[in-house]
Amino acid sequence: MKYFAIESSLDEKIMGKVDQCKEYIHHCNVWEDPNFIDRFPFEKIHSKPILSTPVLHSNAKLTDLIKTISTGFSFGSMIISDKFKSILDDFNCFGIQYFQTYLIYKSKEVNDYWQTHISEIPYSYIDFENTKFFIKNSETRRIDNDKPLEIKNLLDFNNKKDSLEYPFSISINEVQFDKTFKYDYFFLRYFENGGNKGIVSERLKEEIEKQGCTGIEFRPIEMSLQDWYHSGERERIYGKSY
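Position 9 (the sequence shown) corresponds to 8 in numbering that gives the first Met the number 0; numbering is contiguous.
FYI, nobody ran anything at the bench for these hints, they're computed from the structure. Errors might be hidden in some of the hints.
[Claimed, not checked] Taking lysine-lysine and the BS3-like style, the derived pairs with C-alpha atoms no more than 27 Å apart in a straight line are:
#  : residue 1 : residue 2
1  : K107      : K131
2  : K16       : K60
3  : K105      : K12
4  : K239      : K21
5  : K21       : K159
6  : K21       : K82
7  : K84       : K105
8  : K47       : K107
9  : K43       : K60
10 : K12       : K204
11 : K107      : K21
12 : K84       : K107
13 : K60       : K209
14 : K204      : K239
15 : K178      : K159
Whole structure, please, built from the sequences with the hints as guidance.
Here you go:
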């Protein structure tokens, strides 16, 4: 099955303004409040967390995926419309929760939006024998491609991941999944080509496109973000950016 990373649109005709948000309203001390959504990275939340509110530029357009870059929208979180959520509801999604939220647009509240939260990551479905693993320096962003890690199973993976200390972390490359993996949406931390909004199957991608959802582009996970932008492939599919 082919998979695609979700990316925000770079087309100003669609977005109005590519960086849609001019500011964010935080409703708590984001560094200290234990109920703030960023306090629950990759774990299930059992009560409604405190969310932040995006404030859009007046010349931005309301899209089905809102581009957010701020504290409060980390760890794979997305702001999506009712329409986008209803599509995800009809597909087989792994480890995702939804919390109703709102935007501020032209001084008014827009209520038909949701914030997603990644509650679990499908590491157990990785085909470890056919996936490549390396060590990455998070400060220099350098990956030691000359020294692949020997990881044969989930226990090996967790032990290696947990043994590394900042600035070093594990890096997943050329990921393969086992035959039981049937999910249409998921988030894969440490995967270099996974993006920061999650990954969709080809059939979910096609349905999102069929329904005319806006603000979204899809990058094949075989391509790095750098190659996607600089090879001309993105422009070939979606046109010139900005």
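request  = Would you check the hint for K47 and K107, treating anything up to 27 Å between C-alpha atoms as holding?
outcome  = holds, 23 Å
query = Does K84 pair with K105 here, judged by a C-alpha cut-off of 27 Å?
reply = Holds: K84 and K105 sit about 24 Å apart, inside 27 Å.
ask   = If you draw a straight line from the CA of K107 to the CA of K131, is it 27 Å or shorter?
value = Distance ~48 Å between K107 and K131 Cα, so the pair is violated.
query = Holds or violated: are the alpha carbons of K43 and K60 at most 27 Å from each other?
reply = violated, 32 Å
query = If you draw a straight line from the CA of K178 to the CA of K159, is it 27 Å or shorter?
reply = Status holds; Cα separation ~24 Å.
inquiry  = So if I understand the rule, the pair passes when the alpha-carbon distance is 27 Å or less; does K16 with K60 pass?
reply    = holds, 7 Å
message = For a C-alpha distance cap of 27 Å, please report whether K239 and K21 respect it.
response = holds, 23 Å
Straight-line alpha-carbon gap K84 to K107, limit 27 Å = Given pair K84, K107 holds - Cα atoms ~22 Å apart, limit 27 Å.
query = Between K107 and K21, is the straight-line Cα distance small enough, at 27 Å or below?
reply = Holds. K107 to K21 sits at ~15 Å (cutoff 27 Å).
task = Take a quick look at whether K60 and K209 sit within 27 Å of each other, Cα to Cα.
result = Holds, because 20 Å separates the two Cα atoms, which is no more than 27 Å.
message = Hint check: K12 vs K204, CA-CA at most 27 Å. Holds or violated?
response = This hinted pair holds, its Cα atoms lying about 21 Å apart.
message = Between the alpha carbons of K21 and K159, is the straight-line distance 27 Å or under?
response = violated, 40 Å
The structure is inconsistent with the numbered hints 1, 5, 9, although it conforms to all the rest.
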